[in-house]
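Based on the sequences and whatever the hints tell you, model everything.
Listed in order, the protein sequences are those of chains A and B. Just so you know, we're using my numbering here: the first sequence kicks off at 1 and counts up by one. Just so you know, we're using my numbering here: the second sequence kicks off at 1 and counts up by one.
In short, the hints are calculated from the structure, not lab data.
The following label-pair restraints were derived from C-beta to C-beta distances:
1. A:15 / B:262: 21 to 29 Å
2. B:262 / A:55: 34 to 42 Å
3. B:16 / A:15: 30 to 38 Å
4. A:41 / B:281: 52 to 60 Å
5. A:120 / B:246: 52 to 60 Å
6. B:315 / A:55: 54 to 62 Å
7. B:495 / A:15: 55 to 63 Å
8. A:3 / B:343: 31 to 39 Å
9. A:55 / B:21: 32 to 40 Å
10. B:246 / A:60: 27 to 35 Å
11. A:60 / B:520: 53 to 61 Å
12. B:75 / A:60: 25 to 33 Å
13. B:34 / A:55: 19 to 27 Å
Taking lysine-lysine pairs in the PhoX-like style, the calculated list, with each CA pair at most 25 Å apart, reads:
14. A:2 / B:336
15. B:336 / A:61
16. A:61 / B:40
If you want a taste of the chain B side facing chain A, the calculated C-beta under 7 Å gives, among others:
17. 1
18. 3
19. 5
20. 59
21. 60
22. 61
23. 84
24. 138
25. 141
26. 145
27. 259
As the structure is a computational prediction, the values presented were derived from the model and not from experiment. Virtual Cβ for every residue (Gly too), placed ideally from N, Cα, C.
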Amino acid sequence: MKSLAELQAIRDRMKNSVALREGTGDIRIVVGMATCGIAAGARPVLNTFVEEVEKQNLVGKATVTQTGCIGMCRFEPIVEVFEEGKDRVTYVKMDSEKAKRVVAEHIKGGRPVYEYTIGEAQK
Amino acid sequence: MIRSHVLICGGTGCTSSNSPAIRKKMEESLAAHGLAEEIKVVQTGCFGLCALGPIMIVYPEGVFYSRVTVDDVEEIVENHLLKGRVVDRLVYNEAAAGEEKHEVSSLADTGFYKTQLRVALRNCGVINPENIDEYIGVDGYQALGKVLTEMTPQEVIALMKASGLRGRGGAGFPTGLKWEFAAKNICDEKYVICNADEGDPGAFMDRSVLEGDPHSVLEAMTIAGYAIGAHHGYIYVRAEYPIAVKRLEIAIKQAREYGLLGKNIFDSGFDFDIDIRLGAGAFVCGEETALITSIEGNRGEPRNKPPFPANKGLFEKPTIINNVETLANIPQIINKGPEWFSSMGTETSKGTKVFALGGKITNTGLVEIPMGTTLREILFDIGGGIPGGKQFKAAQTGGPSGGCIPAKHLDTPIDYESLKAIGSMMGSGGLIVMDEDNCMVDVARFFLEFTVDESCGKCTPCRIGTRRLLEMLNNITEGKGTLEDLDKMEDLCHYIQKNAMCALGQTAPNPVLSTLKYFREEYEAHVVEKRCPAGVCKKLLSYEILADKCRGCTACARKCPVGAISGTVKQPHVIDKSKCVKCGVCMETCKFGAILKK
Ligand SMILES: Cc1cc2nc3c(=O)[nH]c(=O)nc-3n(C[C@H](O)[C@H](O)[C@H](O)COP(=O)(O)O)c2cc1C
Chain A
1 MKSLAELQAI RDRMKNSVAL REGTGDIRIV VGMATCGIAA GARPVLNTFV
51 EEVEKQNLVG KATVTQTGCI GMCRFEPIVE VFEEGKDRVT YVKMDSEKAK
101 RVVAEHIKGG RPVYEYTIGE AQK
Chain B
1 MIRSHVLICG GTGCTSSNSP AIRKKMEESL AAHGLAEEIK VVQTGCFGLC
51 ALGPIMIVYP EGVFYSRVTV DDVEEIVENH LLKGRVVDRL VYNEAAAGEE
101 KHEVSSLADT GFYKTQLRVA LRNCGVINPE NIDEYIGVDG YQALGKVLTE
151 MTPQEVIALM KASGLRGRGG AGFPTGLKWE FAAKNICDEK YVICNADEGD
201 PGAFMDRSVL EGDPHSVLEA MTIAGYAIGA HHGYIYVRAE YPIAVKRLEI
251 AIKQAREYGL LGKNIFDSGF DFDIDIRLGA GAFVCGEETA LITSIEGNRG
301 EPRNKPPFPA NKGLFEKPTI INNVETLANI PQIINKGPEW FSSMGTETSK
351 GTKVFALGGK ITNTGLVEIP MGTTLREILF DIGGGIPGGK QFKAAQTGGP
401 SGGCIPAKHL DTPIDYESLK AIGSMMGSGG LIVMDEDNCM VDVARFFLEF
451 TVDESCGKCT PCRIGTRRLL EMLNNITEGK GTLEDLDKME DLCHYIQKNA
501 MCALGQTAPN PVLSTLKYFR EEYEAHVVEK RCPAGVCKKL LSYEILADKC
551 RGCTACARKC PVGAISGTVK QPHVIDKSKC VKCGVCMETC KFGAILKK
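Right, here's the structure in full:
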């Protein structure tokens with residue numbers, strides 16, 4: 001390594017990875033990963049969230065974690081988004097494509113994707 | 001894509017309680033569940049809460065598992081990592097899950113960590129010390145880059161002086177000033193030494209930094225080299241720290257591969273390299289002139305100062321010698337500025353200090369707090385207080401060179417000056433807690449025993465003086481002391497303080513003087529009443545069986561290792577005092593409270 005630029009390149013590459021350990025961002029994306037959730041396809045949903053958050057450079061802002069059974073198994077995979085000072089948003093019957101939209105519009109853009117939420121599903 | 005990090009402590013404490021096997025099992029189990037691509041296992045340095053090891057932290061949630069065993073790993077993988085169900089029974093109880101299961105309070109919310117301020121230990125337990133990229137990811141080597149490309153050596157020294165950083169190795173000498181002295185000496189060759197001897201029994205913060213964040217030390221040494229005009233550094237570390245030595249070797253190798261050590265660093269024209277020297281673990285070799293003598297290949301004995309190492313040090317060349325913890329602060333001082341650093345602490349002592357909590361304290365481990373924190377906060381808020389509802393008696397700071405601080409000084413804000421004023425010293429940050437069951441004469445005797453062993457023998461006041469002191473203390477604990485001895489001891493203490501050649505001897509009387517000052521009544525009980533109030537000094541103890549309580553069950557007689565107890569079944573037993581070795585086994589064995597210790 002001969003230049004500061006090379007050092008910065010390594011730092012930027014590592015930053016996201018280490019930021020995961022700095023604790024939780026302002027937004028928490030919680031994926032239901034009980035047996036029912038996994039059976040309904042929660043694993044790829046979880047992975048998509050992780051990938052998208054990283055791709056869109058949101059690691060410092062949003063944290064993806066998983067939780068057990070949320071209690072509404074017929075709606076799985078369920079994903080909930082918690083944000084300080086705001087109502088929680090519960091997304092149901094998620095898949096990878098929907099996850100991408102949630103990251104782009106809700107996490108990054110600040111506008112929940114209402115058509116995927118539990119309110120819509122129960123209408 | 002990684003969604004979770006599992007951090008497993010690889011410090012010396014957790015390693016000896018089997019953390020490497022836990023890590024191996026974790027990796028196997030993750031692979032078996034097809035999670036190896038999603039979850040990364042990271043071996044880190046010490047988290048500080050050694051009493052609860054082996055420790056594991058799962059991010060991003062920050063769930064803090066304590067006392068994990070190999071058998072727990074499968075459950076953590078299946079429940080937590082796969083299904084998101086935290087394994088409550090393993091969560092450190094203060095950090096236990098709240099009402100909602102995903103609302104597990106993180107490590108940072110526990111009493112142990114909340115009041116701490118981690119500067120020197122910032123990366124310990126956070127990054128993988130064997131991977132230079134992780135260090136770079138937390139802004140590692142940025143300070144070196146800035147120093148080499150934007151600052152002159154004079155500016156670096158001015159910045160260090162402005163920060164107010166003082167040495168963490170014991171003497172508390174201003175670091176910037178020390179560098180300035182060495183920089184002003186024009187010489188073809190100069191040296192930077194890192195003092196990683198850490199001989200103070202009970203202190204392990206330096207080991208922790210070397211094991212958890214070795215690159216911070218390498219980076220700081222290189223900065224020091226640039227500031228004073230040195231091209232070579234030595235790390236003097238005791239061979240008893242094998243994990244620290246191994247991680248340092250790996251770190252040096254990686255830094256060389258990246259060109260962060262070696263020739264023309266950052267294309268600045270500045271060359272610097274570092275070698276390791278192993279010490280055999282003598283306390284006196286931590287003293288800077290003895291350490292230098294040892295690196296030169298001679299028997300580790302101190303020499304008179306002046307000349308100070310900054311003028312004539314290693315191989316007679318200008319040398320700066322800094323402690324590990326001192327160095328670990330430096331990259332951040334450069335990155336965040338001297339004002340940031342000097343905003344923490346007290347008037348005369350800036351920044352933070354790491355203490356190794358040990359003895360009669362709930363949370364044994366490493367704590368880092370801003371200077372000016374009171375002993376009470378350290379022991380009771382962070383340390384969790386004295387276990388078993390016992391009464392606090394004294395805290396010993398500064399190890400064998402320090403003094404015992406009684407309860408009336410618990411609210412003293414800690415810094416270099418205030419500790420000295422109450423008869424102790426900062427030392428390297430050992431902090432040993434004593435409760436009502438500790439005999440202060442015995443404590444003083446214990447520390448003196450250590451200095452007598454470790455005295456190098458070069459000067460008479462230390463070699464003979466400490467031995468005479470120990471003899472008098474032994475007499476007192478055996479009931480053979482007189483009141484006159486107490487005065488004689490005090491005189492001898494002052495004599496040694498004034499006449500020993502190095503600080504080992506000069507400070508050796510501190511434990512005696514401070515206990516004489518604050519706990520004189522305990523000494524007097526030993527010499528006048530021939531009684532040890534805490535019930536520790538064996539020669540002054542006697543065990544008796546209370547005839548009215550003894551049921552004649554024979555349990556004690558069967559357990560007594562020397563056959564000192566006799567009696568017939570169902571009849572009160574008696575102890576033959578001439579045979580009794582006062583081991584106390586009978587008292588532990590008796591179910592009826594029939595044995596009395598006096
Ligand atoms: C008996 C004795 C033992 C010492 N042991 C150590 C030690 O283990 N580590 C250390 O850093 N300093 C130790 N010191 C202090 C060093 O002499 C020296 O002051 C220190 O390394 C300077 O670094 P600093 O200015 O960064 O604190 C010891 C001093 C004495 C008198």
